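Colleague: Same order as they appear, the protein sequences are chains A and B.
For the record, in the first sequence the residue sitting at position 133 is 976 according to our numbering, with numbers rising by one throughout.
For the record, in the second sequence the residue sitting at position 20 is 863 according to our numbering, with numbers rising by one throughout.
There could be a bad hint or two in this list.
Which copy? The list can't say, so a pair holds if one copy fits it or any two copies do.
In silico EDC-like links for lysine to aspartate or glutamate, alpha-carbon gap of 20 Å or less [what the hints assert, rightly or not]: (1) Lys1269 - Asp1009; (2) Lys1011 - Glu1274; (3) Lys849 - Asp916; (4) Lys941 - Asp916; (5) Lys934 - Asp916; (6) Lys1011 - Glu907; (7) Lys870 - Glu1201; (8) Lys1244 - Glu1042; (9) Lys1164 - Glu1201; (10) Lys968 - Asp1065; (11) Lys973 - Glu1042; (12) Lys1148 - Glu1042; (13) Lys849 - Asp1098; (14) Lys1129 - Glu1250; (15) Lys849 - Glu912.
No lab work stands behind these hints: they were computed from the structure.
What you are looking at is a predicted structure, and each value in this text was computed from that prediction instead of being measured.
2 protein chains.
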Amino acid sequence: MSMQTKYLLEENQMPRFWYNIQADLPKPAPAVLHPGTLQPVGPDDLAPLFPMALIMQEVSMEREIEIPEPVRDVFRLWRPAPMFRAHRLEKALGTPAKIYYKYEGVSPAGSHKPNTAVPQAFYNKEAGVKRITTETGAGQWGSSMAFAGSLFGLQVEVFQVRVSYDQKPYRRALMETYGARCVASPSNETVYGRAVLAENPNHPGSLGIAISEAVELAVQRDDTKYALGSVLNHVLLHQTIIGQEAMEQMQMADDWPDVVVGCCGGGSNFAGIAFPFMGHGLRGGKKSRFVAVEPAACPSLTRGKYAYDFGDTGRMTPLTKMHTLGSQFTPPGFHAGGLRYHGMSPLVSHCKELGLIEAVAYNQVECFEAAVLFARNEGIVPAPESSHAIRGAVVEALRCKREGKSETILFNLSGHGHFDMMAYQKYFAGEMSDALYDEAELAKSLAGLPNVPETA
Amino acid sequence: MSMQTKYLLEENQMPRFWYNIQADLPKPAPAVLHPGTLQPVGPDDLAPLFPMALIMQEVSMEREIEIPEPVRDVFRLWRPAPMFRAHRLEKALGTPAKIYYKYEGVSPAGSHKPNTAVPQAFYNKEAGVKRITTETGAGQWGSSMAFAGSLFGLQVEVFQVRVSYDQKPYRRALMETYGARCVASPSNETVYGRAVLAENPNHPGSLGIAISEAVELAVQRDDTKYALGSVLNHVLLHQTIIGQEAMEQMQMADDWPDVVVGCCGGGSNFAGIAFPFMGHGLRGGKKSRFVAVEPAACPSLTRGKYAYDFGDTGRMTPLTKMHTLGSQFTPPGFHAGGLRYHGMSPLVSHCKELGLIEAVAYNQVECFEAAVLFARNEGIVPAPESSHAIRGAVVEALRCKREGKSETILFNLSGHGHFDMMAYQKYFAGEMSDALYDEAELAKSLAGLPNVPETA
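Only chain A is shown next, with the shape it has when bound in the complex (with noise of 0.2 Å):
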């Protein structure tokens, strides 16, 4: 019997449409409010931030939505994307579930992120928008707009969290081998960035706080627009083409998923994979279990409330209804930079609150256990985020075993771990351990939402 079981959609065969997710929905999500006036925002008040095709996307409740040629055409670059069938992992756990994965890291950013930074990079410069700015952590998320912008010629930005800047400059060098600007947050070329500054010289910076940088020079400049790599709407949107590749590829295999499984920081590669299979399951197709993994020590879907509140530290965006721990929440620092956020994405929250979704956390040292048995087994080293959703599958298949069950089980593995080999380094020197959040410090964070009449 084969090992190694890919599935490989002929070019031709890529996704002409992204899938919309709010068409089937059977309760709309809740407005986006104006933080001051508490009413529902509109496409207007938005244009300062983004380009008025991203607005109306964001809003859109077409189910399909055109992926233009010119995006298209960059995504040949790395997909479609191959969906393999993890038969040695599958042996390694002795389960009789059959578990595929739909790969992400073959990007050149090495992750899902440029499913999005793409499009965005295309909707900004036919718009005439000269830069972007944009936060980053780690840096996933500022290297993909990086790579985008150098495609389409557009300059990008990006303020990353001061403590990533120092201490992680490969992500850094990457962005400025795409020929973006990077800038250590909080910084001196904002207002909030020297308000925070002010307050303490050394702060370390969050993606909280970058975001409101970001997005304060966006507003000040008319040749300027704001860029985000998960949470809102036409992000997620821009990664169903994961799953919209998945489901033709599971046609192939002549399988379907009995669950969907994928790690959940901001809620764009999970909603990527799970939206098109839970919209055919909504649609009258056949039904499937989707289960959103989340770090431990940044548990917005398991432990936040499903509350309005800001994307930022800062308080300058619109309100949105999502699971928070509130945007004064500083997380402990952990490996999976990517998962590292206060907020879960609006629509995630809101199918969570429908009961389409699951939610579980893992703390990093399991999670780091599953990536290694992965590799190990499977040959690809995967990114911290992702050995999240690996746990999460690992979980599920052990849980078959247990029952007896030959499910299917499906999980994104959003990118590779080339760049976070430190992490790796930290444990097998047995020196991770599993990050902690202060309970007082969320119940004060939770403490401070926004007050937003249930009437609003």
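Starting from the known structure of chain A, arrange chain B on it as the hints suggest.
Modeller: Only chain B this time, still in chain A's reference frame:
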């Protein structure tokens, strides 16, 4: 016009045979000699080091050698590898030339090295071998062998040059993730290593020393064999899958290369892309030019002597006729560690002597310039080794521009640079200079070549 043209083979178009250039060369390559007797070595002389299947490949004159199905099965994880037309790079250079590149960075180790690590692991496993010893510099080869060993259940022990072991812990972590044991060389685990350390306890190590250590252990133990990642005939043979695929892809593109370019250290990735096209020409098909690009800091083909020499510093290996800087030569430190070897593959050297290939040498700064130009236009960040091939292709493309010729250029992009961002960081910080070797040291090293009579 599409800015990204990918030529992707179907899985069932993956080559079933490796191509052996020895079948088509107008003159056989000089024999490999026993260092004691100066007589040609027979298969039995090599049996302590390699399983017989690989030894038979080393000396085979058959044109086609079948790729075992379990090897092709593992290859499916990333092969067939894509070939791209570099439209954006062509435009940036303003050249009438057509530039294509074959991309080998899609493997789990990020380079072409698994193309030979996997069959080497397979044949050793078949022969009942339990443990593989090998050497590595920066770690591309060691991590590839570790990857292959993990899939076939072989214990892999890697002697890593101490200076890389200390300064570049990431690829070491990658080897450990795949379950390999990594030892800093010179080590206390071998007679030769102890002798080197006795003379200099702080010896930084070299590839030649690490080879001596790995060979020593393999010879000592019955259950242990040795693996080499380049130079040898069977290694080059395994890499011809690159060129075999590229020939099919060139046919898909309805084109054929006027010139094929590869970076050249030990010679395996260059031979991998060049030999199948070269054989096509030797058998009466369209002839291409072949340009081997080596680092100016370690220029065996352009500045070495074509002579019999040892493959290692400890003078334990058989003698092979090759372009060599002398086995006692220590190349200066530079970022393309994979090209930092005193000798050139005997087969590539032989082709050079036959006038079948050309060789050029470039400095590292001009290669990084080419790499950054490539990354910003084509989206893939190249390994420092591969940047030499890009430089070579750019030079050819600019010649075409001067001459007004629309030639077809094909180069091998042997790996991605995600493990090498430190080098890019130095480049952008202006801290990179061209590494120069000491002319006096080279002269001394060449004067010390073993004395082998012309008649041998």
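Colleague: Could you run down the list of hints and mark each one as holding or not?
Modeller: Cross-check of the supplied hints:
1. Lys1269 - Asp1009: both (18 Å within a copy, 15 Å between copies)
2. Lys1011 - Glu1274: both (18 Å within a copy, 18 Å between copies)
3. Lys849 - Asp916: This pair counts as between: shortest inter-copy Cα distance 10 Å, intra-copy 23 Å.
4. Lys941 - Asp916: Between copies only: 18 Å across chains, 33 Å inside a chain, cut-off 20 Å.
5. Lys934 - Asp916: between (38 Å within a copy, 16 Å between copies)
6. Lys1011 - Glu907: This pair counts as neither: shortest intra-copy Cα distance 39 Å, inter-copy 47 Å.
7. Lys870 - Glu1201: The answer is within: 18 Å in one copy meets 20 Å, while 68 Å across copies does not.
8. Lys1244 - Glu1042: So Lys1244 and Glu1042 fail the 20 Å test inside a copy (55 Å) and across (58 Å) alike.
9. Lys1164 - Glu1201: This pair counts as within: shortest intra-copy Cα distance 18 Å, inter-copy 65 Å.
10. Lys968 - Asp1065: within (13 Å within a copy, 64 Å between copies)
11. Lys973 - Glu1042: Neither way: Lys973 and Glu1042 sit 33 Å apart in one copy and 61 Å across, limit 20 Å.
12. Lys1148 - Glu1042: neither (29 Å within a copy, 66 Å between copies)
13. Lys849 - Asp1098: within (14 Å within a copy, 29 Å between copies)
14. Lys1129 - Glu1250: Answer is within; shortest intra-copy Cα gap is 14 Å, inter-copy 54 Å.
15. Lys849 - Glu912: between (26 Å within a copy, 15 Å between copies)
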